[in-house]
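Number of protein chains: 2
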Amino acid sequence: MSEQKNPATAANAQTANVKKQHQSHKKSSKSKLQVSLKTPKGTKDWADKDMVIREAIFSTLSSIFKRHGGVTIDTPVFELREILAGKYGEDSKLIYNLEDQGGELTSLRYDLTVPFARFVAMNNIEKIKRYHIAKVYRRDQPAMTKGRMREFYQCDFDIAGNYDPMVPDSECLSILVEGLTKLGIHDFKIKLNHRKILDGIFQIAGVKDEDVRKISSAVDKLDKSPWEVVRKEITVEKNQTEETADKIGEYVKLNGTLEEVYDILSKDESISSNEKAKQGLEEIAILISYVKAFGIERFISFDLSLARGLDYYTGLIYEAVTSASAPPKDAAELKEKAKKNVKKGETADEEDVSAYVGVGSIVAGGRYDNLVNMFSEASGKKSAQIPCVGVSFGVERIFSLVKQRQELAANIRSTSTQVFIMAFGGGKDWNGYLPERMQIAKKLWNAGIETEYLYKAKANPRKQFDAAEKSGCPLAVILGKEEYLQGKLRVKRLGPEFAHDDGEVIPIDDVVKVVSEKLSQVHEDGVDEIQKLLQGLR
Amino acid sequence: MSEQKNPATAANAQTANVKKQHQSHKKSSKSKLQVSLKTPKGTKDWADKDMVIREAIFSTLSSIFKRHGGVTIDTPVFELREILAGKYGEDSKLIYNLEDQGGELTSLRYDLTVPFARFVAMNNIEKIKRYHIAKVYRRDQPAMTKGRMREFYQCDFDIAGNYDPMVPDSECLSILVEGLTKLGIHDFKIKLNHRKILDGIFQIAGVKDEDVRKISSAVDKLDKSPWEVVRKEITVEKNQTEETADKIGEYVKLNGTLEEVYDILSKDESISSNEKAKQGLEEIAILISYVKAFGIERFISFDLSLARGLDYYTGLIYEAVTSASAPPKDAAELKEKAKKNVKKGETADEEDVSAYVGVGSIVAGGRYDNLVNMFSEASGKKSAQIPCVGVSFGVERIFSLVKQRQELAANIRSTSTQVFIMAFGGGKDWNGYLPERMQIAKKLWNAGIETEYLYKAKANPRKQFDAAEKSGCPLAVILGKEEYLQGKLRVKRLGPEFAHDDGEVIPIDDVVKVVSEKLSQVHEDGVDEIQKLLQGLR
Chain A
13 MSEQKNPATA ANAQTANVKK QHQSHKKSSK SKLQVSLKTP KGTKDWADKD MVIREAIFST
73 LSSIFKRHGG VTIDTPVFEL REILAGKYGE DSKLIYNLED QGGELTSLRY DLTVPFARFV
133 AMNNIEKIKR YHIAKVYRRD QPAMTKGRMR EFYQCDFDIA GNYDPMVPDS ECLSILVEGL
193 TKLGIHDFKI KLNHRKILDG IFQIAGVKDE DVRKISSAVD KLDKSPWEVV RKEITVEKNQ
253 TEETADKIGE YVKLNGTLEE VYDILSKDES ISSNEKAKQG LEEIAILISY VKAFGIERFI
313 SFDLSLARGL DYYTGLIYEA VTSASAPPKD AAELKEKAKK NVKKGETADE EDVSAYVGVG
373 SIVAGGRYDN LVNMFSEASG KKSAQIPCVG VSFGVERIFS LVKQRQELAA NIRSTSTQVF
433 IMAFGGGKDW NGYLPERMQI AKKLWNAGIE TEYLYKAKAN PRKQFDAAEK SGCPLAVILG
493 KEEYLQGKLR VKRLGPEFAH DDGEVIPIDD VVKVVSEKLS QVHEDGVDEI QKLLQGLR
Chain B
13 MSEQKNPATA ANAQTANVKK QHQSHKKSSK SKLQVSLKTP KGTKDWADKD MVIREAIFST
73 LSSIFKRHGG VTIDTPVFEL REILAGKYGE DSKLIYNLED QGGELTSLRY DLTVPFARFV
133 AMNNIEKIKR YHIAKVYRRD QPAMTKGRMR EFYQCDFDIA GNYDPMVPDS ECLSILVEGL
193 TKLGIHDFKI KLNHRKILDG IFQIAGVKDE DVRKISSAVD KLDKSPWEVV RKEITVEKNQ
253 TEETADKIGE YVKLNGTLEE VYDILSKDES ISSNEKAKQG LEEIAILISY VKAFGIERFI
313 SFDLSLARGL DYYTGLIYEA VTSASAPPKD AAELKEKAKK NVKKGETADE EDVSAYVGVG
373 SIVAGGRYDN LVNMFSEASG KKSAQIPCVG VSFGVERIFS LVKQRQELAA NIRSTSTQVF
433 IMAFGGGKDW NGYLPERMQI AKKLWNAGIE TEYLYKAKAN PRKQFDAAEK SGCPLAVILG
493 KEEYLQGKLR VKRLGPEFAH DDGEVIPIDD VVKVVSEKLS QVHEDGVDEI QKLLQGLR
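Those protein sequence lines, which keep their order, are chains A and B. Its first residue numbered 13, the first sequence is counted upward by one per residue in the numbering used here. Its first residue numbered 13, the second sequence is counted upward by one per residue in the numbering used here.
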């Protein structure tokens, strides 16, 4: 229970003396420091309903991960710096280092994938399905509205081990679909491509092997920039011929259902005579039958322009985007405004520019068959090939989508309190039954029932009712001055519709039984607001 | 599901070609780096059963915190360095700093209390009951066996707000008792003291105000060192007179039930004429009636030698110790060995020395009325006194105690898998029903049922049974080659006691209904092993 306004509290005769002393601390705590009362740039506190929604997203996803046989692990928030080195290409500059205070050099983890590969290699694990929900760190330019933070959560599910091709890959795609639909997000598509097909296309177009990754990075920008801009990057900045660029352009324009694009590519002689592209295409053929078995083919768009930034992918790559990811109506205007600011010599406001690209991809993943092996070999272990495939849910972005269902969020409670214990009596001499309220509370706590009472020896009835209503809890247990002396309590439903219901008088000893019964009635009547919110139902 | 041995997999004709390509990656991933395959000093990975036990501890504690009206918050893992400055006395040297890579200076959080106070001050919160389960960081000498890590979890519950004295304090004590007993730890006692009484005693003994905190630190060592050693520190190192030391010695020897020690102190004229001590004692009088209401007075030992290290406490202080915290039998020997190593010019092995002091306190807490105020004042906000009291569970230490119940841990599964889908057939031409197994799995997943199958197109029955048994799941759904063609599935219990049970043949369309029914039977029969483990039952 958190409150930002605190009504003045009336003093109680019995405890007034001590309370005065209590408050007299005020004078003795002068501090001369001047500190900024804020969290570091790109980080935030989570509290109240936001926290409840986020926790519900985590619990929804982890129950899906468990449903697929996943086990969870927990790795340290920082790793030896050498473990992270050379894994993220250009983005390595975004890694947070810890200060060298003597001892090992360490850095905050950038993602959960590299620590997972380190874990698998270090423990000689031959197969594992693991999920991990934890924070990662990137010294990026924050864009809060876009959900881009320096500290943010990832929810990852990965399958490591030697298996028949596309079996774990198709399950990751199924998990992606199950996760988003269970969270009430139905208007998404999965852009899917295959690194081997893409690399094959680059070979066909005449890109040299050593240039493949940087051309791939250029193509990766097609979700934000038109082909003409990317083409210029390929020819001018990356020194490829016009012919190479145009050949790439022909292919990366292709997209459609898995079967449509498969049909086009399988009839393409350049593709079938390129070893890499052919391998990739054979895997797509197998994948088609598996996604049909899962009934998820309608979500998938085979899109040859998808390249994905990270170096470590070796096979299937995919990312889910929603229609909410499309530029908002006023994006052009915002972009224009941001440009103007730059012209005037100011720094471009990232908050403005970011609005243009929307929330971006909300889930992403792919196959990375060499990462575990890199660790095994680099540490001098007997090398075993442990291929991996995974899927990573971007919680901050999903959170923004879920939270847009505002009208439902209004009903979410941040406490779980079920019972508020009150004492009504009167007369100056009456002690307010505080130890008695505590005794009843203890009985209910011991029975696992969420219970509160006002932290006041002698509390007036109005304040107790206000506090109970504020907490949103459905039941009150009332110690009436006279009734209690006769060994009785009153149990009453709370809420406006029960304003004229006096409740039921019961023996004190029955309190756990009666309260439990009434609560199960309450919860039969009610609907879980959080589940309703997550599923996007009205 | 994680396995460290992987049986060689027989190739399947349909997919052999692609698989070969899959494995050919092996050659292309040579890396020349030499890296240490380990986690940083004082950190570790959590996995398998340890992870399951730890998660169960978290869920037990958070359900208790919720039961008391708690809401959870999440703060960043690093804070502005100035927020942490000047809060931890001598221990400030243990704070991990992030490297100055441009921008703000930040440090990893040392505990959850200071970030909580920053949160309360920053958001002008007047009252909140919050819990927070998260990692904290201390560059201490690690002692794994003692449960002392550089990265470890704290589970904190704190109540902020102006309330009648001792009401929230006694609830924190009740939460301490509920938490430990719910986790099966019954042989503990709560050492309790009051900073005002302690400070009063120091005044009575003639300690100057500016020396109080350092004398308090000396007294804090009484749990590890005999009085003679502490007395020497007070007189020799901390420059107090013999008389002062002896006066302190008289008081700090006192311990007993709350009422016993209260009686002694309330008859002591020095105490009743010292303003601070008198205030503290009045609060103890109130506390006595509240802990009686909660029925937890038998756990409490009023112990005037308890001082607690941290500067920020202002009232009640307490810590729970277990009999398991006492030195093990071979402690003296280990200590001797450690000393010898030092004599030989080697570094003392902390692992050895630490065994001497056992696991130490497993829960600790107290009242800190000025911390929020310090932040408000230092940031120039209108200052409001927000008194706080809290309790912090040391999970790593509790984990060690719970895990000692080895015989129970043996039964814990790390996956939640309930159903393993298999296909039996035969003949070279049979395709292994993999897409069909996927279809059935998808039905069960959509019904929320944890389901796995072997990631193999054509799997032999033995391997499928082995995998199912290894997962420990109770049910198999079997696609028999002939039965499936007739629209039928076989549902069968797994486990040695069902070896001769052929199961039941059902229509495919009934699979969700039948599996759900059978699983509810299974779980009625069974007992939750984790709950049994936590509660220490056999």
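Each hint should be verified, as a subset may be incorrect.
Where chains are identical, the list cannot tell them apart; a pair therefore holds if satisfied intra-copy or between any two copies.
Calculated cross-link-like contacts (lysine-lysine; reagent style BS3-like; alpha-carbon spacing at most 30 Å) [to be verified]: (1) K61 with K236; (2) K194 with K105; (3) K455 with K201; (4) K50 with K139; (5) K233 with K504.
I should point out that these hints are in silico values taken from the structure, not numbers from a laboratory.
Each hint tested on the structure:
Proximity of K61 and K236 under a CA criterion of 30 Å is satisfied in neither setting, with 33 Å inside one chain copy and 45 Å between copies. In the homo-oligomer, the alpha carbons of K194 and K105 never lie at most 30 Å apart, since the shortest distance is 36 Å inside one protomer and 47 Å across protomers. Taking the shortest Cα distances, K455 and K201 sit within 30 Å of each other only across copies (22 Å), while inside one copy they are farther apart (52 Å). In the homo-oligomer, the alpha carbons of K50 and K139 lie at most 30 Å apart only across protomers (19 Å), although the nearest pairing inside one protomer, at 44 Å, exceeds that limit.
For the homomeric pair K233 and K504, neither the shortest alpha-carbon distance inside one copy (61 Å) nor that between copies (52 Å) is at most 30 Å.
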